[in-house]
Amino acid sequence: MSGTEAFIIFFNVLLINNFVLAKFLGLCPFFGVSKRTGDALSMGAAVVFVMFMASLVTAFINWFFLLGHPGNLFYRAMGGDPAAYDMTFLYTIVYILVIAVLVQLVEMALMKLSPPIYRALGIYLPLITTNCAILGVALLNNDFAVEASGFWVYLAKCLIQGLGAGIGFTIAMLLMSGIRERLEYIPVPKPFRGIPISFIVAGIMALAFMGFASMI
Amino acid sequence: MAQLIVSNSPHLRTEEDIRSIMWTVVMMLIPAGLMGAVVFGWYAAFVTALSVVTAAATEYVCQKVRRIPVTLGDGSAVLAGLLFAYVMPPNMPWYVAVIGASAAILIGKQIFGGLGCNIWNPALVGRAVVGAAYASATFLSKWPIIRNAAASSAGGGWFSDRLAAIKSSFANLAANINVDAVTQASPLYAVKTAAREGFTAHGVEINGNLISNLPPGTTVSDIVHKCDISYMNLFTGHQVGCIGETSAGLLLLGGIILIFLKIVDWRIPFVYILTVAALSWVLPLGECGWFAGDPLFSVLSGGLMIGAFFMATDMVTSPLTPKGKVIFALGCGILTVIIRYYGGYPEGVCYSILLMNTAVPLIDRFCRPKKFGEVKA
Amino acid sequence: MSVFQTLKKGVFENNPVLVLLIGLCPTLATTTSVKNALGMGLATLFVLTMSNVVISMFSRFFPKKIRIPCFIVVIASFVTIVKMIMDAYAPPEINDALGIFIPLIVVNCIILGRAEAFASKNGVLASLFDGLGSGLGFMLALVVLAFFRELLGAGAIFDIPIHTSLKPITMFILAPGAFVALGSILGFVAWRRLRREERECAEAAGKYRAELIITSKNKPE
Amino acid sequence: METVVVGVVILGLLGLLFGFGLAMAGKVFAVDVDPRVEKLLDVLPGANCGACGNPGCSGFAEGLVEGRCDLNDCPVCSPEARKAAAEILGVEVGETERRIAVVHCRRETVPPRFEYHGVKDCAAAQIVYGGFTTCRYGCLGLGTCVEACPFGAMYMGEDGLPHIIEDKCTGCGNCVRACPRGVISLAPVSRDVHVLCNSKHPGKYTRDCCTHGCIGCKRCEKTCKHGAITVTDFLATIDYDKCVNCGECVEVCPTGAIGDVSLLRDRKPARERYAATAAQEG
Amino acid sequence: MARTFKGGVHPHDYKELSKDRPIEDAPAPDVVFVSLRQHIGAPSKPVVKPGDEVKKGQLIAEPGGFVSAACHSPVSGKVKSIKPRPHMMGTPVDAIEIENDGREEWAEECNVPADWEKLSVDELKKKIAAAGIVGLGGATFPTHVKLSPPPDKKIDAAILNGVECEPYLTADHRLMLEQPDRVLEGFRIIQRILGGVKGYIGIEANKPDAYMLMKEKAMKYPDIEVVMLPVKYPQGAEKQLIKAILDREVPSGGLPMDVGCVVQNVGTAAAVYDACARNVPLIERIMTVTGDGVERPANYRIRIGQMLTPILERSGLKEGVRKLIFGGPMMGLAQAGPDIPLAKGNSGVVAMMEAPLFEPRMCIRCSRCVDHCPMGLEPSVLSLLSEARRYLEMAEHDVLDCIECGVCTYICPARRPIVQQIKIGKQKVLEARKKK
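Protein chains in written order, with the working numbering: chain P, 1 to 216; chain F, 217 to 593; chain Y, 594 to 814; chain R, 815 to 1096; chain Z, 1097 to 1532.
Keep in mind that a hint or two might mislead.
[What the hints assert, rightly or not] Here are the computed distance ranges between Cβ atoms for each label pair:
| hint | chain 1 | residue 1 | chain 2 | residue 2 | range |
| --- | --- | --- | --- | --- | --- |
| 1 | P | GLU5 | Y | ASP752 | 35 to 41 Å |
| 2 | P | GLY38 | Z | PHE1162 | 40 to 46 Å |
| 3 | R | GLU911 | P | ILE195 | 37 to 43 Å |
| 4 | P | LEU113 | R | GLU894 | 38 to 44 Å |
| 5 | P | LEU56 | Y | TYR682 | 31 to 37 Å |
| 6 | F | LEU477 | P | LEU56 | 54 to 60 Å |
| 7 | R | GLY835 | P | GLU5 | 29 to 35 Å |
| 8 | R | ASP887 | P | GLY38 | 27 to 33 Å |
| 9 | P | LYS112 | R | GLY873 | 17 to 23 Å |
Honestly, the hints are just simulated from the structure, not real lab data.
This structure is a prediction, so every number in the text was calculated from the model and none was measured.
Beta carbons are placed, not taken as given, at the ideal position from N, Cα and C, and that holds for glycine.
Based on the provided sequences and hints, a complete structural model is requested.
Next up, the structure:
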């Protein structure tokens, strides 16, 4: 894999196909935790970490256990037709389990190591589990397996995509939080105060991000 | 003695108010618009007027619906409508002008609460809405030809050029009726395409010139010349482009007057244009290598002048502090060049300013002014 | 609470999208056309109802500490079933359009939310109707949003073109339009609510009149 | 067959692995959290009004658990909620009567001292030359209290005075703190007789500037059989612990500064009710 | 490099109305009302009672605390009453009413020349405290307190504030022109009290005649430097003046003495001279009456406590005046009427024929206020926060550093009442601090 390719994967999920603004992934925390820049940043950091870890772990599981190809460990152990070991229908259930466990770990670690952040994120930390951005990145990573020449290339692509998507999510969150902080002391028409105006803001942000369209 | 008035200090106010600021900016924009009408024909003037009227009407309706005082007199709606028209192609259909201008006011401004509340420049929001709404429509990619551009530049002096242009503007009115038939590439698009494909054997045809088999080491300036683009025409406005952004010279003049009147901060246009010039020289465009760009062409072409002097400097949507303004302008410049060089659109001013508008609250947050008596840590 | 009330509550008062603001990702992603919206709505309705039923049956066996993973496993199983059914029988264009959002039903906050807040604490039948109510509410929101987006963005309803002299505004099919459209609908909902509250306040305030204060100068007849 | 076996093995292995991992993590990152905090949060009103002096309901809940706060600090709690919270905490709570806000001003025409130009906010008007009304104690009528009410329980009447919607008022006291002139106070909801004036000006001045001002004539103080009224600084105040709603003072007040608001609250006049109970008791 | 500070504005100064009018004596009052709250700090405590006969310059109220000042009778006559009287702040304050018998008899030991050079520093300080001198620039901070810095603060410079940056006002200008020796001698006393420190006299460039005169007079004192400063409001604010002249920044929340500096107004210096060299307490001062609302703008020598009305009549108050301001138009207090006794801090009265009602608009973020704020704050943000009633967040934006100079409000094209909004914020922040 060349550096350009890596850059393209990264830049694609970072800005061009931003998870939040172009792919509609991770909207719940995007609207829920973007009221304060500080919270948005810590939430973003948590998401980056979990996404990266999820990409790492799911890449391993996918390559060695689920895919029906010569790399499958069961096939190596037992032989026969590699396609017979194709367990890809288990994607959803396995991935979500992995993510749930990961989030649980992060939650416990945060509670111990940084109670203020834990309190700031409040109910949204468990919601990382149900943050579709994370399952989404794991599922989208599957596409790399088809074209990848070997495990390490596949893994690298997954990690880059996970990192890029996480940072892209954080960027969108930060921009959103800045705008929402300002909107709080602006006399927005009453019916639009709060969430509705945030949607409009997200819409115009998506519009602005279209400037990156077909860049690569 | 009649009852006296008591208010909190201060009891003196400066003369300048929102109204004077907005109308001055409108005045400074008018010459460039007149130039657009002259170059593109009366239809351009018509859609500009239509945009302005629609913007004002939308503002009026919104404020009536919200039962708040109508503030059409301050000129901000007129300004938004005018700027919106200026960054649209001269051959946009009338309904696009209506939809775009009303979107500019509605979701660009009034939905946030009106003047001062918006996060993005309303005119650019209108432009981006149209860009997304009619992405595949022809009027955004094909431009009406300026009939005498090549012909008149050959003979006579500058004055006769302009005279011919004015004469031809009447003819352009007719040209607008069937605009898809005769089209011309905008300078930015021409140069970008030529730089990308001109090095191949089959080449690319730009405005009737086949550009192919360019030798390695060709600079952007060479391509500009090959495309028959004259810097003088870019400066005076005799170029293909949007209604109000053609005449770099008139916009520069208006902008400088605004800076002189202290209505806009000099930092934003200065840093913005400088960044674009520097980066467009450094970064490789198409097959042209590093340090082969053409700063002068980049600065004069497209919407950079109107963007730098009239859009990015919009008070409501630019940062508060000088430091923030510099960062903002720097970001605009970088994004503009990146989108122009590597993006899907030939022009990046609109999106780069919108993107940086998005970041303004964050910039403001991290660029607080230096407080008097603050202990330097 | 009667069956009807449970349903009504899920659809209107506690509409997952328009009132509770959860399940937003599929709402925005799959409402480019009414058809897709219906497909997504039905799939979610199925998973929501079934998982509600199963969880309400087995919730007392789940240890409290790991109940969430347990719920997720149940939900994920149903999602896998739906995915398989869709792959086999759904029209391919709908299946393609919904893409990864079918497996992502598993992380739809509505489902986990109902499981945690309702199914784990209530009986099977109540949970069934609760799931139906919320699912229908979700579907309703999807269809309403899809209606506007398809009408404005593609000039069509159910892929049947509506003839207009103006060109459709494709923005509403794209991401920005999705946000703006949902934002406007939410604004409309909020406006309705505010107007109702205002009316209530005005009614309450109507009673208060200065002459109702009894003083030596102002005695009631 | 292999598919089933492998599937089961994968899920089983993962389950084991994760279970073990989580158990280990649970040990490493063990933190004691009082589960009562979350339970309390469910019970508390959740309005985050700040009346208890904490940043919000969660702060109050933590305060309760740590023993910093008292349940009675929250004026907004419904009695049921208070009881439920007390159960969670395992403490007893005394019964307190609900208190609601009362506006102690009913000026009809108080001439302005000057023409005020500035921020339309009472606190802001008060800092400009001490407020623009001739009466320096009465309501300025700019509605800062209405803005401060987090429950929508106040509105500006056509008379230019704020009014309280009794059913919505929770007695959080935000309006009391918002008023720069101290015109609003909290009073038990069952008391209907109030001094509807806040003027500490000498009687003559009050009489000149307001038709309904308390001029400090002390007739009410002399009339009250229950010793509930005291006049200090030309202003009568009612001690609500002693007041029995008999309405005698309303009768004798020459200016109408003491008023009975029963009718506003859909009750019979206090005097009639008092007479009825007195007759019942013989 | 020109000596100046960052920010500030250049409003038209209107000084041409009264700067060429020599100081004249105001009509002698029939009755004076000496307010007990003419300074920052605790109110004074009266030492006379109704019925007492007092002489001119006699002590009638003593300081009510450490930060407080004494009051003296400006006339000879009889004390009539001590009760609340209208006050320039809007709320009535206790004042001593004295009827003038017209005899102008000085109290004992008053108006007796003394050689201040022979007195010790402590004696000088005592004299200043006894004379009830407060900052006459308008801040009215008791001078003896300012001249007694705690021993751990090393003072190395004294600044005489002859800037008079407020538009309209010319009282200090006239004082410097007509009585330069009083001012200079007073300043030398101040220098001596502070330990013979270097002295600077700051004068704005719109008073070239005063600058030339002071420069000439100060030639013989090598430790006094007269500095010409470019015209800019609010140059006369202590912190800005120190920054302009010495290039030192008083730290946030600090006092001039934190950077080794003491600033005194020229009027104060003159009063110090009177107290130390003539044994005359502070019973009169120079005040400008100006504005388009009076026929004859003038500079008056007024008695402390005399009513404003006759003075305005003498200057020819026009019909239909809309605004009456105590102090300059940038920081002065508008009054509800002219029936107010004058106090030590009254440097001028501006009568305006026009006071348009400004309808505030939403902030358009033009950043004029941020660019011009002499304290480097973000007034527009503070104003928005105040409007949203989020007062406590204003503390994070350093609302307490605001000096209320009015630059932001003056310059605002949206006509927002920023200073007033900031004032509420300050009040609420301080209340919240106090509660803690």
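Violations among the numbered hints, reported as their numbers in ascending order = Hint check: nothing fails, all pass.
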